[in-house]
Structure formats: structure tokens, C-alpha cells
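J.: Chain by chain, the residues:
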Amino acid sequence: MSAPVDQAKNAEKFLADTVHEQRLDKLLWAMRMRRDAAARQVPEWEDLRTLASEIKEHTLSNLSDYLIQFEAKATANGVIVHWARDAHEHNQTVYDLLSEQRAETLVKSKSMLTEECELRPFLERRGVRVTETDLGERIQQLDDQPPGHIVGPAIHKTTHDVAVLFSEKYGSDPNNDDPAYLAGVMRENTRPDLLNAPAGMTGANFVVAETGAIVVATNEGNADLSAHTPPLHICSVGIEKIIPTTESLAVFIRLLARSATGEAITQYTSMFRGPRKGAAMHVILVDNGRSERLGMKRFWHSLKCIRCAACMNTCPVYRRSGGLSYGSTYMGPIGIIMMPTFEIRKYSELPFASTLNGSCTNVCPVKIDIHEQIYGWREVMEENGQTPIVKKEAMRVADEMLSHPALYQMATAAVSTALEVLPHFAIYNRLNVWGKHRDVPQAGAETFHAWYKAHRPKANEEVKS
Amino acid sequence: MQVALMIPCYIDTFYPRVGIATLELLERLGVDVVYPRDQTCCGQPMANSGCYEEARATEEHCARVFGSFDCVVTPSGSCTHHIRNKFTAGADSPEKQNLIRNTYDLVEFLHDVLKIREFPWAKFAHKVALHTSCSAIRGLNMASMSERVHDEVFSKPKALLSGVPGIEFVEFDRVDECCGFGGTFAVTEEAVSAKMGYDKLAFMQKTSPDCVVSSDMSCLMHLQGCARRQKQEIPFYHLAEVLNGVAA
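As they're listed, the protein sequences go chains A and B.
Okay, so the first sequence: first residue is 29 according to our numbering, each after it adds one.
Okay, so the second sequence: first residue is 57 according to our numbering, each after it adds one.
Keep in mind that the hints were calculated from the coordinates and are not lab data.
Heads up, some of the hints might be wrong.
For lysine-lysine, the following DSS-like pairs were computed, each having C-alpha atoms within a straight-line distance of at most 30 Å [as the list claims (entries may be wrong)]:
no.: 1; chain 1: A; residue 1: 37; chain 2: B; residue 2: 287
no.: 2; chain 1: B; residue 1: 262; chain 2: A; residue 2: 464
no.: 3; chain 1: A; residue 1: 464; chain 2: A; residue 2: 41
Here are the simulated distance ranges between beta carbons [stated by the list, open to error]:
no.: 4; chain 1: A; residue 1: 482; chain 2: B; residue 2: 291; range: 24 to 32 Å
no.: 5; chain 1: A; residue 1: 216; chain 2: B; residue 2: 287; range: 50 to 58 Å
no.: 6; chain 1: B; residue 1: 174; chain 2: A; residue 2: 323; range: 50 to 58 Å
no.: 7; chain 1: A; residue 1: 30; chain 2: B; residue 2: 88; range: 57 to 65 Å
no.: 8; chain 1: A; residue 1: 189; chain 2: B; residue 2: 168; range: 45 to 53 Å
no.: 9; chain 1: B; residue 1: 86; chain 2: A; residue 2: 412; range: 48 to 56 Å
no.: 10; chain 1: A; residue 1: 425; chain 2: B; residue 2: 84; range: 36 to 44 Å
If the Cβ cut is set under 8 Å, some of the chain A residues that face chain B in the computed set are [to be verified]:
no.: 11; residue: 40
no.: 12; residue: 348
no.: 13; residue: 384
no.: 14; residue: 386
no.: 15; residue: 407
no.: 16; residue: 426
no.: 17; residue: 431
no.: 18; residue: 462
no.: 19; residue: 465
no.: 20; residue: 471
Computed from a predicted model, the values in this text were never measured in an experiment.
All C-beta atoms, glycine included, are put in the ideal place defined by N, C-alpha and C.
Please put together the full structure from these sequences, using the hints given.
T.: Rendered as C-alpha cells:
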């Protein structure tokens with residue numbers, strides 16, 4: 029069992045680097061503003077969100093039927109469908125398919141599921157060279173870092189960071205920060221891999237049960253290249269990505285890019301329904317904890333997520349912490365409510381990396397009640413004994429005092445005691461934590477309670493509770 | 057109408073002037089106010105941290121103290137939000153259900169129950185940066201939410217304050233972004249919390265307000281702490297103080 033990720037400490041480190049913190053905050057807030065502008069253009073926006081939520085809830089409630097329907101359709105289309113119970117089965121399936129083709133290299137487009145399954149290190153340990161073809165994902169691969177954001181994996185890096193990284197890895201000009209130049213460097217270096225790869229891999233944004241199609245949305249077209257160029261296309265899909273029909277797909281396509289970046293639609297929205305002539309197409313349907321989550325009465329709604337990252341962009345904590353601070357595959361508000369289902373101890377502190385302000389819930393295109401679930405996870409951490417003993421003890425003392433008015437009045441009557449005790453129960457910590465970046469509140473000369481007693485003497489006789 | 061006044065623990069101790077202003081304002085409006093002396097806290101600090109076992113006795117005590125009143129008013133959006141929407145730690149009882157049904161934030165009570173719009177006694181010729189808490193906005197629907205782009209724009213605290221002669225408002229960026237207080241978050245995520253506070257103040261300061269006003273003192277406790285550390289002398293007022301007529 030891993031020790032809990034200390035998100036607060038990681039965030040503090042991120043904040044110390046003001047250049048990166050301010051840039052990330054500005055960039056993502058601008059994304060949120062573009063999302064607002066895009067939503068404003070669609071008068072039926074709130075109805076679309078409701079519809080999307082209902083479609084997802086319906087599909088998840090009938091998940092097995094739709095999965096079987098998809099399998100039948102896809103098989104009829106000439107696709108070979110595999111089922112993977114967990115990350116290991118998924119990774120092994122991919123490796124077996126590559127081995128059959130004697131494929132020693134693999135090009136792939138961005139897929140959070142393959143991050144979740146830690147596919148890349150699994151394949152690399154077995155001698156397969158993997159090239160990420162999404163620019164941001166490739167940057168993170170070269171820097172040996174996981175994605176910091178599910179839509180823009182390297183969004184926390186400046187163009188200068190990328191110029192320096194590319195110069196180290198590719199020998200390009202470290203002083204040329206021009207994005208077009210850097211994209212060119214990337215293209216020159218990954219295009220040969222794409223053209224020569226014996227196998228390509230994509231994820232999926234949606235899979236359509238009715239037609240057996242898998243749907244991939246990108247802005248770079250790299251998923252199309254990864255799927256179309258090599259003779260073998262492997263597609264990994266989480267089972268919650270399924271939707272019933274092409275008609276329902278339209279609802280999600282209208283919401284996805286608008287919520288993510290404020291664009292009406294991504295540059296490429298591709299449906300793959302079967303293998304090209306002479307090529308093979310495999311789809312791996314992956315559970316990896318999803319069925320278990322579906323059975324969680326309070327938390328199954330997180331399976332509705334379409335990975336737009338709108339909740340991250342609007343989250344004031346995420347924008348000031350950076351995605352890597354969460355130490356997890358999925359980060360920000362949606363990560364907080366997903367990650368504990370993978371490993372409760374490791375992610376037990378994440379639910380506290382939130383002010384419960386509720387903005388995430390309001391921007392979610394499929395209406396996941398994210399901040400309510402964060403609140404719920406705090407209770408689960410308590411139930412599972414994940415709450416640190418010192419905090420629990422402080423809370424127990426607080427409850428004891430606050431349920432006994434005489435104790436409360438005694439503690440707060442003297443200003444000096446109040447200063448000592450009050451923050452201790454109100455915020456369970458000593459003033460030195462509060463006071464690191466903030467001045468401590470000045471207690472009044474007397475409590476309101478004492479003032480009332482002195483100034484409303486008549487009321488004292490009447491009021492009893 | 058008899059109203060029970062609930063003064064949150066941090067106002068009782070740190071900001072008694074806000075409790076006094078709330079009481080005087082209600083009395084001025086002819087409300088029969090009682091202050092149950094055995095009150096302590098609504099249980100929010102513990103429940104908010106996931107420690108609902110440790111919130112139980114406090115919530116039950118709160119329900120006992122206030123459960124028999126037809127109307128409970130408190131100058132705190134977050135306490136109202138806790139009681140109305142999150143009051144699940146204590147055992148169920150008729151008193152508890154009563155309290156959940158009958159608790160109002162001061163703004164709601166003035167705006168929706170008494171429907172007061174004019175505060176002629178409260179002259180306040182100042183430019184105000186109005187901050188409304190996330191509990192009040194997204195928990196109690198006291199103002200429109202920026203994410204809900206098709207909703208009608210409104211703000212109950214602003215509607216009330218607009219009835220104060222001489223008052224002006226500044227429009228600052230990211231008006232409903234969280235200030236970073238977040239209860240226990242203020243210490244568990246101390247660095248991020250403080251940065252959010254500093255950023256909020258910076259957005260406000262760009263529009264040169266004379267003061268900051270909010271209907272939630274907990275946000276102001278945090279923001280004022282941030283401001284004083286940065287040597288900013290800008291005053292902070294609870295909405296009750298402005299409506300009651302504070303000398304600024």
C-alpha cells in the first residue's frame with residue numbers, strides 16, 4: 029500500500045514557482061472563459077447537459093446490454109473485440125497482439141486509459157518502443173512525466189520549457205520558443221515512426237453500441253495517423269465510454285469541445301467502424317475497477333465523465349496547484365472523486381484538496397455532482413479510518429466542547445483562551461499554520477454572548493432554550 | 057414574528073460587532089428577536105472535514121437549542137447551507153426537521169421573507185467590492201452563478217445593499233471565484249488557500265474599492281488576514297454592518 033499523496037505539499041512547491049503558477053492559472057481561466065462564451069452561443073445548453081446526463085445514466089444502468097450489442101456489431105464489422113478485467117489483462121492483450129505481428133514499435137495517440145493501465149512502461153520493459161504522437165503527450169513522454177491535464181498533458185510547461193527539452197532530446201535550438209518551430213521539430217522526429225510503425229494505438233472518446241463504431245476526437249489528427257497508417261490498429265476503451273446510438277453521439281459532440289476548449293468541435297472527429305483492407309482492428313473493452321464503481325451508490329455518477337477537463341479549468345485549486353500535484357492519472361475535481369476507487373489509501377488526502385465551491389459541478393457537461401461527491405468521499409475516508417489521528421482528536425474535542433454550552437462559554441469567555449482554543453476547533457490547527465501567509469483575526473474585547481448579557485438584561489430572564 | 061438569532065461561533069468570538077449589527081438591524085425592523093444563550097455551533101467545521109461522528113453531538117445540541125422556533129436567522133451563508141443541506145450527522149428528530157426548514161441566512165430573511173429593499177438610515181457613500189461566498193451562491197442560490205451562462209443575472213446581497221443611500225459597487229474580475237477560505241481547507245491547503253486570497257484581493261484592488269463587503273464573515277476573516285499581511289489597510293464589513301449603518 030502506498031503512502032497518501034501529499035497534494036498540499038506538492039501544490040506548495042508548485043506555487044513557489046510563480047512564473048509557472050501564474051501562467052497556468054491565466055491559461056486555464058481563459059479556457060473557462062472560452063467555455064462560457066461557447067455555451068452562451070447555444071441557447072439550449074442546459075437542456076443539452078441534462079440530456080447528456082440522462083443518456084449516460086441510462087446507458088450505465090443498462091451497461092451489459094449495450095456492451096454486448098457493441099461487441100456483436102463490431103464483430104460483424106470485422107473488428108476483433110477483447111475484454112480486459114483489469115490493467116494487467118489489458119496490457120497483456122496489447123503485448124500479445126504486438127508479439128503476434130512481431131511488432132517492436134508502437135505509435136499511439138493520447139489515451140488516459142493507457143496511462144491508467146501504465147501500458148507504456150509495461151511494453152517498454154518487454155522491449156517495445158512506444159512513440160506518443162500527441163504533441164503534449166510526447167513532450168511529457170520525453171520529460172518522463174505523466175500528463176498534468178487530461179486534455180493538454182503538458183499545459184503546465186512554457187514554450188521555453190519545451191524548447192529546452194527538445195534541444196536535449198532532439199538537438200533543436202534551445203532558444204527558439206516559437207510554437208510553430210517546436211511543432212515542426214516534433215513532426216520531423218515522430219513522422220518517421222508513424223510511417224514505419226507496424227502497429228498503432230488509439231483510445232476512444234465514445235463507442236456507439238448501435239453501429240459498433242469507435243469515436244476519437246483530436247485537434248492534431250494524430251489519432252487518425254496512428255490508426256490509419258500501420259497495418260494493425262488497437263483501440264483501448266473503458267467500458268463506461270459506451271453510448272447507445274449515433275443520434276445520442278451528436279449530443280456529446282456538441283458538448284465535448286465546447287466544454288473543453290470553447291471550440292464548437294475538434295479539428296478531427298473520426299469514427300472507426302472496421303479494419304481497412306489488409307489491416308486488422310482490435311478493440312479492448314477495459315473494466316479496471318469500473319464495474320465496482322458502478323456498484324457504489326454514492327459514487328457511480330463519476331462514470332458519466334467524458335474527459336473534457338472543464339472541471340479542472342474552472343477549479344481554483346487545480347489552477348494554483350498544477351495537475352502533477354495530485355500524483356494521479358486523473359487530477360483536479362474529477363480526479364479527486366475517481367482516484368480513491370483505484371487505491372483508497374494512496375488517494376485519501378485528495379478529497380481535501382477542494383474548497384467545495386461547486387464551480388466544477390456547474391461546468392460539468394454531463395452534470396456530475398462533483399463537489400457533492402468530494403464531500404461524500406471525505407466521509408468515506410473517515411469511515412475507512414483514513415483520517416489522521418491528530419485531526420480526529422481535534423474534532424472529537426471540538427464536538428465535546430460545542431455540545432456543552434458551559435464548556436464553550438468558558439473557553440471563549442476570556443479573549444486569550446478564545447484565541448488559543450477557537451481556531452483549534454474551528455480549523456483544527458494551530459494559529460501558526462493560519463498565520464503563515466495571513467494575519468490572525470483579532471478577537472473582540474468581549475464575545476457577542478457577553479455583550480448580549482450586558483446589553484439585553486431583560487431578555488436574559490425571558491429566554492430559555 | 058419571533059426570530060431566534062443564531063450567531064456562529066467565529067462571529068461570537070472574533071466579530072461580536074457583526075452579531076450586534078445583525079441584532080440591532082432586526083430590532084430596528086421591528087422583529088421580535090431572541091438569542092438562545094445555550095447556542096454554540098452548527099457542527100459544520102467537523103462535518104465539512106468528513107468527521108461526521110464528531111459532528112453528531114454538536115448538531116444534536118444545535119437542533120435542541122433552535123428546533124422549537126418558527127424562524128432562525130443567522131448572518132452566515134455557510135452555516136445556513138450546512139443546516140439546510142448538510143445536516144446529516146445527528147439523529148433525526150422533529151426539532152431537527154424544524155430547524156432545517158426554518159433556518160435563513162440574514163440576506164434571505166431580509167430579501168425573501170421581510171422583502172425589505174430600502175435602508176435609509178444606513179448612509180454609506182463608499183465604493184464597495186462585494187464578495188458573495190460560494191455557500192451563498194452555489195449552495196443557497198443567493199446570486200446567479202457565472203457558469204450558468206443562460207440564467208438571469210441577480211444578487212440578493214447586492215439588491216439589499218443597493219437600498220443604502222450613497223453606496224456604489226465596483227465590478228472586478230472573476231467575481232464568483234472562490235476566495236480560498238473553504239473551512240478546514242484554509243489550513244490543510246494553507247499555501248493554495250492564501251494564494252487564492254491574494255489573487256481575490258488583487259482583482260478587487262484593480263478597481264480601487266473603498267472597502268470589501270460580504271454576507272459571510274468567514275471569507276472576510278481569511279481575506280482580511282491576507283490583506284493585513286500584505287499591509288493593505290482596506291476595511292472589511294459584514295453586510296449587516298452596512299445595512300445597520302456603520303460609520304466608515
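J.: Next step is simple, just say for each hint if it's right about the structure.
T.: Structure-based check of all given hints:
1. A distance of roughly 26 Å separates the Cα atoms of residue 37 of chain A and residue 287 of chain B; the hinted pair therefore holds under the 30 Å criterion.
2. Restraint check for residue 262 of chain B and residue 464 of chain A: the C-alpha separation of about 25 Å stays at or below 30 Å, so the hint holds.
3. Among the hinted pairs, residue 464 of chain A with residue 41 of chain A is consistent with the structure: their alpha-carbon atoms are about 15 Å apart, no more than 30 Å.
4. Checking the proposed 24 to 32 Å range against residue 482 of chain A and residue 291 of chain B shows it holds: the Cβ atoms sit about 26 Å from each other.
5. The given range of 50 to 58 Å is respected by residue 216 of chain A and residue 287 of chain B, whose C-beta atoms sit roughly 53 Å from each other.
6. Checked against the hint of 50 to 58 Å, the C-beta distance between residue 174 of chain B and residue 323 of chain A comes to roughly 56 Å, which is consistent with it.
7. Remark: the range hint 57 to 65 Å for residue 30 of chain A to residue 88 of chain B is upheld by a beta-carbon distance near 59 Å.
8. Checked against the given bound of 45 to 53 Å, the beta carbons of residue 189 of chain A and residue 168 of chain B, roughly 52 Å apart, stay inside it.
9. Between residue 86 of chain B and residue 412 of chain A the CB atoms are about 52 Å apart, so this pair conforms to the stated range of 48 to 56 Å.
10. One distance hint, 36 to 44 Å for the beta-carbon pair residue 425 of chain A and residue 84 of chain B, holds here, with the actual separation near 39 Å.
11. Annotation: residue 40 of chain A was flagged as interfacial toward chain B, and the flag holds, the nearest CB pair being 4 Å apart, inside 8 Å.
12. With 8 Å as the threshold, the beta carbon of residue 348 of chain A comes within range of chain B, its nearest partner Cβ sitting at about 5 Å, so the hint holds.
13. The criterion of a C-beta within 8 Å of any C-beta in chain B is met by residue 384 of chain A, whose closest approach is roughly 7 Å, and the hint holds.
14. A least Cβ separation of about 4 Å between residue 386 of chain A and chain B falls short of the 8 Å threshold, and the interface hint therefore holds.
15. Checking residue 407 of chain A against chain B: minimum C-beta separation of about 5 Å stays under 8 Å; hint holds.
16. Hint status for residue 426 of chain A relative to chain B: holds, with the closest Cβ pair at about 6 Å, below 8 Å.
17. Proximity of residue 431 of chain A to chain B holds as hinted, the smallest CB-CB distance being about 4 Å (cut-off 8 Å).
18. Residue-level restraint check for residue 462 of chain A holds (minimum Cβ-Cβ distance to chain B is 6 Å; threshold 8 Å).
19. With a cut of 8 Å, the hint placing residue 465 of chain A at the interface with chain B holds, because the nearest CB-to-CB distance is about 3 Å.
20. Hint on residue 471 of chain A holds. Least Cβ distance to chain B is approximately 5 Å, under the 8 Å limit.
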